[in-house]
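Each protein sequence line maps, in turn, to chains A and B.
Just so we're aligned: the first sequence equals residues -8 to 352 in the numbering used here.
Just so we're aligned: the second sequence equals residues 1207 to 1334 in the numbering used here.
Check each hint, because a few of them may be wrong.
[Unchecked claim] The following label-pair restraints were derived from C-beta to C-beta distances: (1) B:Q1302 x A:K268: 52 to 60 Å; (2) B:Q1292 x A:E323: 31 to 39 Å; (3) B:D1298 x A:P142: 24 to 32 Å; (4) A:E323 x B:E1324: 55 to 63 Å; (5) B:G1315 x A:P329: 53 to 61 Å; (6) A:D185 x B:L1317: 51 to 59 Å.
Hints listed in this document are in silico derivations from the structure and should not be mistaken for laboratory results.
Note that the Cβ used here is the ideal one computed from N, Cα and C, for glycine as well.
Chain by chain, the residues run as shown.
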Amino acid sequence: MEKTPLNSVHHEMGAKMTDFGGWEMPVEYSGIIDEHKTVRRDAGLFDVSHMGEIVVRGQEAGSFIDYLVTNRVSTVPQGKVVYSPMCYPEGGIVDDLLIYKIQDDQYFLVVNASNTEKDFAWISEQAAKFSGEVEVKNHSRNYALLALQGPRSEEILSQLTPASLDDIPAFNFSNIEVDGIDMLVSRTGYTGEDGFELYFAPEKAEKIWQSLLKAGERAGLKPAGLGARDTLRLEKCLCLYGNDISKETNPLEAGLGWTVKFDKDDFVGKDALERVKEAGPPRKLVGFILQDRGIARHNYPILSSQEEEIGHVTSGSYSPSLEENIGLGYVESSQAQPGQIIKIKIRSRLVSAEVVETPFI
Amino acid sequence: MKVPEGLYYTEDHEWLKVENGAGTMGITDFAQEELGDIVFVELPEVGDDFQQHDNFGVIESVKAVSDLYIPVSGEITGINEKLLDQPELVNDEPYQEGWIVKIKLSDEGELDELMDAEDYREFLKEEA
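With the rest of the complex left out, here is chain B (with noise of 0.2 Å):
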């Protein structure tokens, strides 16, 4: 179970980059392994914005759906749109290609409230 460095997560097995104020997101290896075949992703717009803990999107593997929810406050920049024909890009590269938005941070103080790297996997043997 891949769980890279310089990254924050959520209880939601989210993951977010941050560089600059700028955010990306998605979801993390332990996330796609549990959901199986990804087959689905509904995106949000650009421009929309969101409180942090909101319900952005949903998630569809073949057998269930799961909503995507939001790790910080702030205005989506970009969506992943390579994700609306290949999908499956979520379970083969999570952290890389497989990325779902893009977010500009409104409040970065909101960054304190998520785990690292340590934490995360310490959550995950938790959870377990």
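Only chain A is shown next, with the shape it has when bound in the complex (with noise of 0.2 Å):
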């Protein structure tokens, strides 16, 4: 199994771990519902070391990138971050990305960690078609990526740096020394709520994590697993590729229709895409809590209130902060309107739930 530069300090403060795409990873320290009211409240912080860095540099790196995915990358300015599907010419979807925008020429691409070899073929091959210069280059190893999020997380990493973290607004980064150590950090997360991702090199991974854990102390930062982090991007509705979106499922019908900008000259997927846009894509993601006991597990069927099936749940928990049991999944879009009752299939029974808007919270 592949492990972060972390490994053995969750081993040694007790983490419980779990193989995750073949990664073995802290699912969690102090339980997965505290941690996740601790994250909401105070601040968390996540070991997502996992996660794969690409980095495609050249002359031609922004029209380039403006083709792989769907969302506009080349024109926003130098240390933004932008979200993006990156799909395939049927328009199902490779991955969902985060996309640093470095230079004009040079751009960081954060992919899922189960994704990264995938996603390293699957850009180096578009690139050796596209016309102009490009490199791509894999450096997943040689980052350590650290993500504190929560509420209080400026207050806590700001004792560990000289620079001004209000110079780094929400989907911004710079590079600034953190506890003596220079790194790229962005205002970024995957919990819905402030906080800073933090990419440097894997050898200084346990003097960050000491030192962030020590400054957070008074604060409440504790450290926190993949549960958290499941749950609550999930009440914040958050995708998870393998769950929510896949190679099965488009950007349109997953609500990513923000992240597709149909005005680019082309973008791999786009005739596919438009085709979906124009007749309306038959079935939608949808948020939905359960009205009676149960909690809806990923594939579980989802029926419409005459008991005919219309689609399955792509994610489905107990949601700490509302204390109901939620989830997501893709229904025909003509049962897809907050209000609308539809049933779930736990097991063998049906439990009804509403579809609502979201994000949950």
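The task is to assemble the complex, starting from two chains supplied on their own in separate frames and drawing on the hints.
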């Protein structure tokens, strides 16, 4: 199994570990619900060094990225982070990623851990076919990645850096010094809270991890695992690749239409997505709250109130913030309006659920 | 890890207390710790009959769904309805307030197949 630079620290600190897409990762420390509430109230520290980092550079890097992904990246200012799906020509999703504009001719792509090899091969293949000169390199081994998330993140991080964190607004990044180490720090995350992601040399991982935990002691900072990361992102309806989006789904039905810029000259998947847009997607990703006891899990069938199958659950969990059982799933577009009553097949039972406005909180 | 004396234990990490042919069962401290925060328990109905090792219910933590197995054959005589609204009782007090069902044993001979506290402690060591 693959290990992050903090693997032994997680073991020493008593984290419960799990196999996550071939990586041995901490799933929880003090408990998923406790960590979840800590991140919403104070702050949590996540080791997400398993994420992949791919660098694209060259004179034509900007126009290549605009061709590669659905969102528009080349025209944003240096120091900006853009979220985008990356699609196949058929419109299905290869991955969703964060793209950091380092310079006009240099972009830093952060991809899902289990997709890193697939993405690197895909991007390299597109680059080889692209008319302009671009270089694609997989730098995943060169970075540790920590996510400091929660309303007290700025207060905590500011103790370790001379930089003014006010100068890094949401979806921006800067190269700053933290605890004496130069690193790339972005105001991003996967929890829906304010927070930062820190990219730096893997050999410094333990030092930075311990310094952050110490700096955050008085603010209530706790280490958190992938379990809480999942419940946090679900409450904010941030898509999880492999669950809510995949090769079998397109950005329009997934509610990611805002990331698809049809006015760009061309991009991979444009024709297919234009056809979906014209006809209207036949199904949509919706959020729902269960009205009776039970937890909807990935791939459970969704039925209409007349008990005809209309889709399936993609993510579902107990929501620690709402103290309700929530989920996401694809349903026929005619049943996708908030207020619609649907049924989730949980083992042999049918449990009613209401389609609600998203995000949940 | 608490493993109280005087209870029977199964390899599925369930405990059974027997008094005058009446059993009470739940999951062990080890099991609740492994599962993490328990957020849902699906219980059978009073009067349901089960054969030893039958799947009789489901327990769900935030992350995982796990089946519950009956340690001995018999009829369900009581269910812990408190768990419907406070499933976390299984985490907090797995051997007391977090009990799951009561069962009237149909064959006390089946108890011979179960472990006592000492055997179960040994079993946990081997599992680790």
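For the pair G1315 of chain B and P329 of chain A, does the Cβ-Cβ distance stay inside 53 to 61 Å? Holds, since G1315 of chain B and P329 of chain A (Cβ atoms, about 58 Å apart) stay within the stated range.
Per the hint of 51 to 59 Å, is the separation of the Cβ atoms of D185 of chain A and L1317 of chain B within bounds? 57 Å, holds
Taking the beta carbons of D1298 of chain B and P142 of chain A, is their distance inside 24 to 32 Å? Holds, since D1298 of chain B and P142 of chain A (Cβ atoms, about 29 Å apart) stay within the stated range.
Confirm or reject the claim that E323 of chain A and E1324 of chain B have a C-beta distance inside 55 to 63 Å. With a Cβ separation near 58 Å, E323 of chain A and E1324 of chain B satisfy 55 to 63 Å, so the hint holds.
That 31 to 39 Å hint for Q1292 of chain B and E323 of chain A (C-beta), does it hold up? Given a distance of about 37 Å, which is inside 31 to 39 Å, the answer is holds.
Evaluate the given range 52 to 60 Å for the C-beta pair formed by Q1302 of chain B and K268 of chain A. 59 Å, holds
Hint check: no violations occur; every hint is consistent with the structure.
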